[in-house]
Amino acid sequence: MPAPEPQTQITRPGQALLVQLWRENPIFRQVLGICSALAVTNLIFNTALMCAGLIWTTTMSSLTVSLIRDYIPRRVRVMVQVLIISVYVIVVDIVFRALFFETHKDIAAYVGLIITNCIVLGRLEAFASKNKPLLSAADGLGAGLGYSLILLFVAVVREVLGFGTVLKNTAWETVVLRGWEPGVHETWWRSWTILVIPPGAFFVLAVAVWIAKAYDLRRQAGTQAKEAPQAKEGGA
Amino acid sequence: MIAETAHTAPGLALALILLSAAFTDNILLTRFLGMCPFLSISRQLRSAFGMGLAVVFVTTGTCVLNYWLYVYLLKPLEAYGVPAESLKLILFIVVIAAFVQLMEMLIERISIRLYFSLGIFLPLITVNCAILGASLFMVNNVASRGFGTLDVLVYGFGTGLGWFIAILLMAGIRHRLRNAKVPAALEGAGITLIITGIMAMAFVIFQGMIKL
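Quick note, the sequences are listed as chains V and X, same order.
When you line the first sequence up against our numbering, it's residues 1 to 236, in that order.
When you line the second sequence up against our numbering, it's residues 1 to 212, in that order.
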């Protein structure tokens, strides 16, 4: 990615992307924005679709808001931002309806809920309304990718353990869980129904957050001295 | 099935809608909507109560408004080539934002005490997924179960009530949790999610009793 001239604390699009992807990952750090997609995470394919929709929406709405940031009156800015987001969500809705009709029927309501996803609005409010277009787009893209990373992890755990399938594909089931013999109906694998029903999502997500935070705490203890000189906090 | 019960006993049907919206189909615990305010505001019982009450009001009101708009405006327009299913997204969010703004102004005039206990949560509500979610799932119910205005009113109220109960319970549990020893990495969001999962199990278990 080309680097534009330094203006703010986070200066390069690549840097903005990486910061959102891991260091300030919206889900690990603040547990924001899981609303719109956690309900579909018991199937990997649905989750991937929702993530694609969210990445598109954050990136494009960040870009748009950043482009017109000087012309949005402050008092009505949230409403303007919400309207911009909903335009992009409608695009997602139409595209999904056209390409994945069967899946769209299951996730239609959740696609609409991307509008109120806290991550999208949060990035617009915190970053895109103050920064340059390219930088904001990278920031939005990073937030979307960071979000997808976690949700796909949750989805893989839930589908594989809950249904014993991968992408609804029973190849995994027959090969790994039942052994190679084709005629065997008995499987040593008992599907974890708890992961298919809603509470399972909470448990898997909690474990994901737990692992990430434990890893962070351990690393912090190790390299506290090294990170001290880096002052990345800055006023707007 | 609700549609069959409705012919025999309308009151029972409404009670079933209420119970299923509030408990077995709890919008927070089974559909994960409204998680952000749930996680951030459930730290204190007082604010949880205020936010929950605001959600009940707004969900009930916007569900009915959006139902009228959907059935009497968008659906008839569909015959003229208006993409109702896509347009409803933008229409619903505008209705919700306007409703919240109006309510804020109204409460400020009527009771300044109520304004200070409820008013500060109102701006946050526009982007509460549970509100938009209730309206979107309401549309699904209209299509599959033929909800009327009264059904929608009860459904909206039940959905809000379910969210209210969940955040109130969580605030109470988190209050007691302050004295508990939690692993460092699990503090905050982690432990809240696990408790929410256990709560969700308790709510979901009713599904065998109340089948909508």
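There's no promise every hint is true.
To be verified - Derived list of chain X stretches under chain V, where covered just means 3 residues or more per stretch with a C-beta under 8 Å from a C-beta of chain V:
1) 50 to 63
2) 69 to 76
3) 160 to 173
To be verified - Lysine to aspartate or glutamate pairs mimicking EDC-like chemistry, simulated, CA-CA at most 20 Å apart:
4) V:213 <-> V:125
5) X:75 <-> X:85
6) V:130 <-> X:78
7) V:105 <-> X:187
8) V:130 <-> V:216
9) V:213 <-> X:78
10) V:213 <-> V:24
11) V:132 <-> V:70
Stated by the list, open to error - DEER-style ranges, computed between Cβ atoms:
12) X:178 <-> V:106: 19 to 29 Å
13) X:82 <-> V:74: 25 to 35 Å
14) V:214 <-> X:43: 15 to 25 Å
15) X:80 <-> V:152: 33 to 43 Å
16) X:112 <-> V:23: 38 to 48 Å
Hints listed in this document are in silico derivations from the structure and should not be mistaken for laboratory results.
Here a beta-carbon is modelled for each residue, glycine too, at the ideal position from N, C-alpha and C.
Here is what the structure says about each hint:
no.: 1; hint: 50 to 63; result: violated (count 0)
no.: 2; hint: 69 to 76; result: violated (count 0)
no.: 3; hint: 160 to 173; result: violated (count 0)
no.: 4; hint: V:213 <-> V:125; result: 26 Å, violated
no.: 5; hint: X:75 <-> X:85; result: 9 Å, holds
no.: 6; hint: V:130 <-> X:78; result: 40 Å, violated
no.: 7; hint: V:105 <-> X:187; result: 38 Å, violated
no.: 8; hint: V:130 <-> V:216; result: 29 Å, violated
no.: 9; hint: V:213 <-> X:78; result: 50 Å, violated
no.: 10; hint: V:213 <-> V:24; result: 12 Å, holds
no.: 11; hint: V:132 <-> V:70; result: 11 Å, holds
no.: 12; hint: X:178 <-> V:106: 19 to 29 Å; result: 40 Å, violated
no.: 13; hint: X:82 <-> V:74: 25 to 35 Å; result: 33 Å, holds
no.: 14; hint: V:214 <-> X:43: 15 to 25 Å; result: 23 Å, holds
no.: 15; hint: X:80 <-> V:152: 33 to 43 Å; result: 41 Å, holds
no.: 16; hint: X:112 <-> V:23: 38 to 48 Å; result: 43 Å, holds
In summary, the structure is inconsistent with hints 1, 2, 3, 4, 6, 7, 8, 9, 12 from the numbered list given earlier, while agreeing with the others.
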